[in-house]
Amino acid sequence: MQQTVYKVIGVVLVLYSLIFGLLTSIPDLPIIEESIRNLFYHVSMWFAMVAMMAGSFAYSIAFLRKENLYTDRRTAALTETGMLFAFLGLFTGMIWARFTWGAWWTNDPKLNGSAITILIYLAYFILRNGIEDERKKARISAVYNIFAFVMMIVFIGILPRMTDSLHPGNGGNPGFNSYDLDNRLRLIFYPAVIGWILIGTWIASLRYRIKNLSIT
Amino acid sequence: MKNLFLTLTATAPISLLAQSKNFMYSEGKIYVVIAVIAVIFLGLAGYLYRMDRKISALENEK
Amino acid sequence: MSNIGLLIQRYAKQELRNSNAIFSLGLYLIGITYLIYLLGGSNASDNSWNTLLWVVVFFASIMQASRSFEFESGDYFYYYQSIAGPKETIVAKLIYNSLYMLFLSAIAWGLFSLFYGNEVYQPTVFALGLGLGCMGFSIILTLANGIAERSGRNATLSTILALPLTLPILKLVSTINRYAMVGAPFDETATIIGSLVTLDIAIGLLAYLLFPYLWQD
Numbered sequence: 196m197q198q199t200v201y202k203v204i205g206v207v208l209v210l211y212s213l214i215f216g217l218l219t220s221i222p223d224l225p226i227i228e229e230s231i232r233n234l235f236y237h238v239s240m241w242f243a244m245v246a247m248m249a250g251s252f253a254y255s256i257a258f259l260r261k262e263n264l265y266t267d268r269r270t271a272a273l274t275e276t277g278m279l280f281a282f283l284g285l286f287t288g289m290i291w292a293r294f295t296w297g298a299w300w301t302n303d304p305k306l307n308g309s310a311i312t313i314l315i316y317l318a319y320f321i322l323r324n325g326i327e328d329e330r331k332k333a334r335i336s337a338v339y340n341i342f343a344f345v346m347m348i349v350f351i352g353i354l355p356r357m358t359d360s361l362h363p364g365n366g367g368n369p370g371f372n373s374y375d376l377d378n379r380l381r382l383i384f385y386p387a388v389i390g391w392i393l394i395g396t397w398i399a400s401l402r403y404r405i406k407n408l409s410i411t
Numbered sequence: 416m417k418n419l420f421l422t423l424t425a426t427a428p429i430s431l432l433a434q435s436k437n438f439m440y441s442e443g444k445i446y447v448v449i450a451v452i453a454v455i456f457l458g459l460a461g462y463l464y465r466m467d468r469k470i471s472a473l474e475n476e477k
Numbered sequence: 064m065s066n067i068g069l070l071i072q073r074y075a076k077q078e079l080r081n082s083n084a085i086f087s088l089g090l091y092l093i094g095i096t097y098l099i100y101l102l103g104g105s106n107a108s109d110n111s112w113n114t115l116l117w118v119v120v121f122f123a124s125i126m127q128a129s130r131s132f133e134f135e136s137g138d139y140f141y142y143y144q145s146i147a148g149p150k151e152t153i154v155a156k157l158i159y160n161s162l163y164m165l166f167l168s169a170i171a172w173g174l175f176s177l178f179y180g181n182e183v184y185q186p187t188v189f190a191l192g193l194g195l196g197c198m199g200f201s202i203i204l205t206l207a208n209g210i211a212e213r214s215g216r217n218a219t220l221s222t223i224l225a226l227p228l229t230l231p232i233l234k235l236v237s238t239i240n241r242y243a244m245v246g247a248p249f250d251e252t253a254t255i256i257g258s259l260v261t262l263d264i265a266i267g268l269l270a271y272l273l274f275p276y277l278w279q280d
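Chain order of the listed sequences is W, X and Y. Each residue of the first sequence is one higher than the one before, starting from 196 at the first, in the working numbering. Each residue of the second sequence is one higher than the one before, starting from 416 at the first, in the working numbering. Each residue of the third sequence is one higher than the one before, starting from 64 at the first, in the working numbering.
Don't read these hints as lab results, they were simulated from the structure. Bear in mind that the values here come from a model prediction, so they are computed numbers and not experimental data. Beta carbons are placed, not taken as given, at the ideal position from N, Cα and C, and that holds for glycine. One thing to keep in mind: the hints can contain errors.
[As the list claims (entries may be wrong)] Result set (PhoX-like, lysine-lysine): computed pairs, CA atoms no more than 25 Å apart in a straight line:
1) 150/Y / 234/Y
2) 202/W / 477/X
3) 150/Y / 261/W
[Said to hold, decoys possible] Negatives, chain W to chain Y, calculated, CB over 12 Å:
4) 213
5) 214
6) 215
7) 219
8) 259
9) 299
10) 319
11) 378
12) 397
Kindly produce the complete structure, drawing on both the sequences and the hints.
Next comes the structure, spelled out in structure tokens:
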């Protein structure tokens with residue numbers, strides 16, 4: 196196995212979040228109660244997705260500056276892994292919502308943002324599939340990827356702050372926001388995010404190696 | 416935490432039988448957390464399975 | 064700079080020469096508005112007035128933008144490449160498309176006022192919202208159509224690419240218009256207008272920087 200160190204660290208961090216996320220004491224919150232622990236699992240998925248997409252964004256820019264097919268394969272691998280996290284985040288979010296907000300889906304800006312993000316990147320894959328020539332595919336999808344990432348950041352970062360929301364921390368909900376996140380929760384949450392990002396990098400590297408093998 | 420562990424093991428089967436409609440809301444909605452973790456793990460396991468099959472197909476080609 | 068002006072004039076002349084397109088777009092606007100009127104009746108709440116207006120404008124914009132690159136397809140591509148560089152081409156197309164969409168949305172506004180009455184409290188803010196929205200649509204749709212044209216499969220690809228990307232703009236712009244119709248205090252609207260302006264500038268810059276990579280072979 197190549198580059199074992201970061202993979203081991205990733206596994207250790209996620210394991211830590213799994214065990215201690217369930218063991219730690221939590222603040223007293225109405226309605227959410229114990230399910231605030233989903234912070235470590237559901238929210239980490241979204242942070243990992245953004246990290247993967249940021250990686251593919253960086254590689255897209257790198258490709259446009261110097262055309263190298265390996266760079267393009269990294270872009271594709273990272274985007275695919277990002278989609279995996281996006282779907283996991285979406286489904287776990289729906290489960291969490293069903294039993295705290297009472298519905299599988301609501302008209303909430305963060306949910307809209309996540310649905311739009313998935314649509315945007317699904318279009319990315321449709322675009323890639325439609326072009327035969329590898330160089331052209333790489334170049335055109337790099338252009339779209341850059342644009343897509345910027346729009347994603349706009350939609351999930353900026354718009355939710357402008358309106359009311361059911362999400363904890365926005366629009367007067369009991370729960371958390373980035374400024375008074377309980378220290379006990381932070382202690383588990385930050386390592387969990389880092390751990391999932393590392394796991395995501397591992398998955399993406401595997402997909403990258405598969406692509407290299409299937410082309411040659 | 417010890418209390419939670421004890422109550423989970425002792426009352427879970429009982430609440431299951433008695434009120435399965437409120438099951439997910441019981442024990443402070445801890446089961447929602449368990450469901451989330453299960454989904455994530457199964458999702459990853461499924462993804463690994465797909466990748467494994469793809470690699471096997473590639474290896475068989477060679 | 065003058066090159067861009069010339070390009071825009073050229074696009075306009077091509078459009079007028081082939082007047083089929085303008086008339087079909089106009090007919091589309093009238094037809095859809097009347098369809099909505101027939102189905103919904105003459106009572107429209109502010110919200111539905113606004114929503115429907117934007118749906119109509121949005122789809123008209125998609126139709127219009129899908130023709131952005133029809134003259135540059137196939138062999139004509141090399142001809143156009145020799146006349147104007149990518150940066151001038153994209154700026155010209157963006158401006159041309161924004162103006163065209165603004166024109167379409169103004170007509171749509173007029174038609175809606177005809178059928179439902181015009182209860183917009185702050186028409187200047189409304190117009191500003193329309194203008195910024197059309198700019199945003201134009202940027203995204205033009206870029207998406209450029210991508211679709213270079214990928215060979217035009218028909219639905221540009222819509223698939225553009226639709227999710229335009230949703231943030233639609234959201235912001237319909238909020239501005241809602242505030243303008245209701246007459247909300249300007250500071251609330253101002254923040255949204257500010258975000259929309261920054262968004263438009265950001266994606267405009269992005270499109271300007273990225274388009275040359277599409278424009279090569």
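Hint by hint, here is what the structure shows:
no., hint, in the structure
1, 150/Y / 234/Y, "violated, 29 Å"
2, 202/W / 477/X, "violated, 29 Å"
3, 150/Y / 261/W, "holds, 20 Å"
4, 213, "holds, 33 Å"
5, 214, "holds, 38 Å"
6, 215, "holds, 37 Å"
7, 219, "holds, 37 Å"
8, 259, "violated, 5 Å"
9, 299, "holds, 21 Å"
10, 319, "violated, 9 Å"
11, 378, "holds, 32 Å"
12, 397, "holds, 29 Å"
Going through the hint list in order, the structure does not satisfy hints 1, 2, 8, 10.
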